[in-house]
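*Asks:* What follows is the residue order along each chain.
Protein chains: 2
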Amino acid sequence: MASSFTLSLAGGKTTDVFFLDSIKALSDKLSGYGRRVLWVFDSNSRNLFTSLPANCVILPSGEHFKNWSSVERIISAALDAHLARDSVFIGFGGGVVCDMTALAASLYMRGCSLVLVPTSLLCMVDASIGGKSAIDFKGAKNLVGTFYPAKDVLISAACLRTLPEAEYHSGLGEVIKHAFLSSDDELYSFLCSSHDSIVSRDREALTRMLELSLKVKAEYIQRDPEERKGIRQALNLAHTFAHALESIDNFNVKHGVAVAWGLSRAAWCGYAAGVTSAELRDRIDALLRLYDFDIDRRIERGRWLDFQAAVAKDKKNLSGTVRFVLLEDMGVPVLRELDSEIVKIAVISAPGRKNG
Amino acid sequence: MASSFTLSLAGGKTTDVFFLDSIKALSDKLSGYGRRVLWVFDSNSRNLFTSLPANCVILPSGEHFKNWSSVERIISAALDAHLARDSVFIGFGGGVVCDMTALAASLYMRGCSLVLVPTSLLCMVDASIGGKSAIDFKGAKNLVGTFYPAKDVLISAACLRTLPEAEYHSGLGEVIKHAFLSSDDELYSFLCSSHDSIVSRDREALTRMLELSLKVKAEYIQRDPEERKGIRQALNLAHTFAHALESIDNFNVKHGVAVAWGLSRAAWCGYAAGVTSAELRDRIDALLRLYDFDIDRRIERGRWLDFQAAVAKDKKNLSGTVRFVLLEDMGVPVLRELDSEIVKIAVISAPGRKNG
Numbered sequence: 090m091a092s093s094f095t096l097s098l099a100g101g102k103t104t105d106v107f108f109l110d111s112i113k114a115l116s117d118k119l120s121g122y123g124r125r126v127l128w129v130f131d132s133n134s135r136n137l138f139t140s141l142p143a144n145c146v147i148l149p150s151g152e153h154f155k156n157w158s159s160v161e162r163i164i165s166a167a168l169d170a171h172l173a174r175d176s177v178f179i180g181f182g183g184g185v186v187c188d189m190t191a192l193a194a195s196l197y198m199r200g201c202s203l204v205l206v207p208t209s210l211l212c213m214v215d216a217s218i219g220g221k222s223a224i225d226f227k228g229a230k231n232l233v234g235t236f237y238p239a240k241d242v243l244i245s246a247a248c249l250r251t252l253p254e255a256e257y258h259s260g261l262g263e264v265i266k267h268a269f270l271s272s273d274d275e276l277y278s279f280l281c282s283s284h285d286s287i288v289s290r291d292r293e294a295l296t297r298m299l300e301l302s303l304k305v306k307a308e309y310i311q312r313d314p315e316e317r318k319g320i321r322q323a324l325n326l327a328h329t330f331a332h333a334l335e336s337i338d339n340f341n342v343k344h345g346v347a348v349a350w351g352l353s354r355a356a357w358c359g360y361a362a363g364v365t366s367a368e369l370r371d372r373i374d375a376l377l378r379l380y381d382f383d384i385d386r387r388i389e390r391g392r393w394l395d396f397q398a399a400v401a402k403d404k405k406n407l408s409g410t411v412r413f414v415l416l417e418d419m420g421v422p423v424l425r426e427l428d429s430e431i432v433k434i435a436v437i438s439a440p441g442r443k444n445g
Numbered sequence: 090m091a092s093s094f095t096l097s098l099a100g101g102k103t104t105d106v107f108f109l110d111s112i113k114a115l116s117d118k119l120s121g122y123g124r125r126v127l128w129v130f131d132s133n134s135r136n137l138f139t140s141l142p143a144n145c146v147i148l149p150s151g152e153h154f155k156n157w158s159s160v161e162r163i164i165s166a167a168l169d170a171h172l173a174r175d176s177v178f179i180g181f182g183g184g185v186v187c188d189m190t191a192l193a194a195s196l197y198m199r200g201c202s203l204v205l206v207p208t209s210l211l212c213m214v215d216a217s218i219g220g221k222s223a224i225d226f227k228g229a230k231n232l233v234g235t236f237y238p239a240k241d242v243l244i245s246a247a248c249l250r251t252l253p254e255a256e257y258h259s260g261l262g263e264v265i266k267h268a269f270l271s272s273d274d275e276l277y278s279f280l281c282s283s284h285d286s287i288v289s290r291d292r293e294a295l296t297r298m299l300e301l302s303l304k305v306k307a308e309y310i311q312r313d314p315e316e317r318k319g320i321r322q323a324l325n326l327a328h329t330f331a332h333a334l335e336s337i338d339n340f341n342v343k344h345g346v347a348v349a350w351g352l353s354r355a356a357w358c359g360y361a362a363g364v365t366s367a368e369l370r371d372r373i374d375a376l377l378r379l380y381d382f383d384i385d386r387r388i389e390r391g392r393w394l395d396f397q398a399a400v401a402k403d404k405k406n407l408s409g410t411v412r413f414v415l416l417e418d419m420g421v422p423v424l425r426e427l428d429s430e431i432v433k434i435a436v437i438s439a440p441g442r443k444n445g
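Top to bottom, those sequences are chains A and B. Take 90 as the starting number for the first sequence in our numbering and just add one per residue. Take 90 as the starting number for the second sequence in our numbering and just add one per residue.
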């Protein structure tokens with residue numbers, strides 16, 4: 090059994106998102122793509138297969154390898170397999186694999202078909218839909234990429250069974266971010282009420298959480314597929330902080346963990362700037378603590394200049410000014426410049442921390 | 090004084106093509122793009138400027154440098170200059186510079202504005218319009234790229250005054266190709282009747298030739314902007330042969346010269362396959378000879394397998410078969426597979442050659 094929905098994107102393009110309730114259903118769907126296919130795994134996701142398909146590339150795992158030389162390996166493999174523009178690139182793995190497979194598919198012969206099979210929670214709720222392909226460049230996360238939506242995204246909660254705890258936890262950071270970007274409180278309420286079944290990865294709870302979370306993201310994407318209207322930028326809530334943290338931490342902190350921290354920082358800055366109510370700020374922090382995120386982390390004072398430089402490199406830096414996504418209310422994001430003193434206090438003092 | 094026309098492309102995008110009749114008019118137009126601009130030159134086109142603008146990259150000149158490391162230099166310069174998504178990349182030079190500036194602009198922060206100023210005839214009539222960005226990859230020409238139309242293309246015949254003769258001659262190869270892709274014979278007749286003023290680069294003749302040639306290309310592009318409908322492929326007339334020749338010649342032969350040779354080969358193969366009339370084949374060869382193209386060149390017998398392998402790598406290779414563009418008539422291109430014996434005879438025997 091499978092449910093599905095379709096996203097309508099720029100230029101008449103669409104993405105079909107399929108929810109497949111077993112590994113068997115996933116395999117059946119995958120076998121329908123024929124033989125002119127290139128599979129891209131990383132050293133983790135390859136283990137989900139007992140025997141590997143022909144025409145496959147296995148990339149080393151991790152953000153450190155999210156660079157041109159990995160993309161070059163995918164393109165080389167496609168060329169060696171004599172694939173043409175009518176072939177299909179299947180990215181099977183987490184966000185790094187999916188982002189790079191998408192970039193390679195968009196570049197090879199100026200564009201092949203793309204299918205993504207996200208195997209991490211983070212990638213299911215974030216990277217796999219929305220058409221953002223990317224690699225990192227000189228320490229700037231996702232600086233280089235294209236808008237290239239997948240034709241199909243295949244999501245199966247069954248893939249999450251063996252996901253390491255830290256990866257699963259990281260994905261929840263993005264899910265919580267989506268909860269506060271939604272103008273109804275369905276996802277927020279579900280996260281509050283179903284904590285235990287979510288952390289124990291109950292399959293029904295997972296499927297419900299995935300559907301609600303993707304629904305929020307899909308809404309923003311459809312209204313502004315190529316991030317030209319200031320709508321889709323809202324999905325970057327928490328990300329200016331998160332990317333800078335990741336950058337100065339040399340990408341050791343998990344992305345969703347950085348997002349959770351950034352969400353708390355954005356809530357505090359929004360409060361300090363008179364945009365976010367104290368009540369919403371506290372609700373955000375409370376949900377993040379419920380899911381065991383460390384929002385008390387502080388940037389050492391001596392690293393403030395590094396952090397500030399990393400913020401300036403962020404992609405939301407338009408015409409030299411840095412605009413942060415802040416929340417006026419649940420589902421009401423706004424883009425604002427922030428006084429650097431406010432940002433400094435938010436990241437080096439971690440105001441509002443429990444043991445402050 | 091300037092004339093202009095607008096191309097309507099996929100996803101509501103447009104390209105404005107401006108014909109500017111002096112260097113002064115070109116400079117005035119360029120100064121309107123403001124200060125958040127990155128200029129890309131090569132070691133030739135930089136000489137058109139007495140003093141270089143701020144934020145510029147000067148790439149080494151030539152097809153050998155049409156690779157990722159050049160694109161990386163453009164992206165690095167943009168990052169160092171703190172450019173954001175609202176900035177403008179200006180590619181100023183021949184096809185290599187324009188193709189790579191377009192690729193960098195499409196990738197930097199997933200897409201900045203792009204302005205192209207072609208300074209060679211080849212680039213004016215070919216690479217600058219149509220939105221194909223590219224680099225070469227492992228000997229396969231333009232294997233990696235994106236569809237990313239320029240916002241503006243600025244064309245001035247004045248830039249052609251100092252173009253080396255060999256470069257100018259090469260550009261005429263693409264112009265002649267366009268003449269046979271046009272369903273009216275305006276460009277064909279103009280090339281036949283105005284040979285002397287064209288080769289002496291009379292400015293009025295040049296402007297007329299540029300406008301007629303771009304009109305032909307624009308028609309194919311607008312009907313099939315992302316080469317999905319089998320219409321735009323027609324512009325690849327002669328190119329399967331040309332790319333393979335360039336590949337086995339290690340890119341020493343000039344592109345337009347290879348296209349002229351390929352056009353003659355395509356005419357002969359079309360004739361051999363019963364698609365092209367003897368009369369059209371002869372008309373093609375006659376015009377190519379009038380403009381002094383060496384269509385008698387032969388591939389050495391011992392290099393046939395290399396040539397064949399290069400053909401198989403061509404981007405028009407769909408699902409493992411190679412389809413060539415042949416001409417049923419002026420302006421009536423068709424895509425056909427060709428028996429490899431026909432191709433072999435066409436390239437190693439050069440049938441129809443004058444001193445054969």
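A few of these clues could be false.
Because identical chains share one entry, a pair is satisfied inside a single copy or across any pair of copies.
Taking lysine to aspartate or glutamate pairs in the EDC-like style, the calculated list, with each CA pair at most 16 Å apart, reads [to be verified]:
1) K433 <-> D105
2) K102 <-> E315
3) K433 <-> D169
4) K304 <-> E275
5) K304 <-> D285
6) K343 <-> E275
7) K227 <-> D169
8) K227 <-> E308
9) K118 <-> E308
10) K318 <-> E368
11) K318 <-> D175
12) K102 <-> E430
13) K113 <-> E152
14) K227 <-> D338
15) K102 <-> D169
16) K343 <-> D383
17) K402 <-> D169
18) K304 <-> D105
19) K402 <-> D175
Hints are computed from structural coordinates only; laboratory data are not their basis.
*Asks:* State for each hint whether it applies.
*Replies:* Taking the hints in turn, this is what the structure says about them:
For the homomeric pair K433 and D105, neither the shortest alpha-carbon distance inside one copy (42 Å) nor that between copies (45 Å) is at most 16 Å. Taking the closest pair of Cα atoms, K102 and E315 come within 16 Å of each other both inside a single copy (12 Å) and across two copies (13 Å). When the C-alpha separation of K433 and D169 is checked against a cutoff of 16 Å, the pair qualifies neither within a copy, at 51 Å, nor between copies, at 24 Å. In this homomeric assembly, K304 and E275 come within 16 Å of each other (Cα to Cα) only inside a single copy, at 11 Å, whereas the closest approach across copies is 55 Å.
When the C-alpha separation of K304 and D285 is checked against a cutoff of 16 Å, the pair qualifies neither within a copy, at 22 Å, nor between copies, at 66 Å. For the identical chains of this complex, K343 and E275 are neighbours neither inside a copy (26 Å) nor across copies (63 Å), given an alpha-carbon limit of 16 Å. Proximity of K227 to D169 under the C-alpha cut-off of 16 Å is restricted to the inter-copy arrangement: shortest distance 10 Å between copies versus 29 Å within a copy. Taking the shortest alpha-carbon separations for K227 and E308, neither the intra-copy value of 32 Å nor the inter-copy value of 41 Å comes in at or below 16 Å.
In this assembly of identical chains, the alpha carbons of K118 and E308 never lie at most 16 Å apart, being 26 Å within a copy and 40 Å across copies at closest. For the identical chains of this complex, K318 and E368 are neighbours neither inside a copy (29 Å) nor across copies (55 Å), given an alpha-carbon limit of 16 Å. Proximity of K318 and D175 under a CA criterion of 16 Å is satisfied inter-copy only: 12 Å between copies versus 32 Å inside one chain copy. Neither within a single protomer nor between protomers do K102 and E430 lie at most 16 Å apart by alpha-carbon distance, with minima of 43 Å and 41 Å respectively.
Proximity of K113 and E152 under a CA criterion of 16 Å is satisfied in neither setting, with 30 Å inside one chain copy and 49 Å between copies. In this homomeric assembly, K227 and D338 come within 16 Å of each other (Cα to Cα) only inside a single copy, at 14 Å, whereas the closest approach across copies is 36 Å. In this homomeric assembly, K102 and D169 never come within 16 Å of each other (Cα to Cα): the closest approach is 29 Å inside a single copy and 34 Å across copies. Only within a single protomer do K343 and D383 lie at most 16 Å apart by alpha-carbon distance; the minimum there is 12 Å, versus 61 Å between protomers.
Taking the shortest alpha-carbon separations for K402 and D169, only the inter-copy value of 9 Å comes in at or below 16 Å, while the best intra-copy value is 37 Å. Within a single copy, K304 and D105 get their C-alpha atoms as close as 13 Å, which meets the 16 Å cut-off; across copies the closest is 38 Å, which misses it. Taking the closest pair of Cα atoms, K402 and D175 come within 16 Å of each other only across two copies (14 Å); inside a single copy the shortest separation is 37 Å, beyond that limit.
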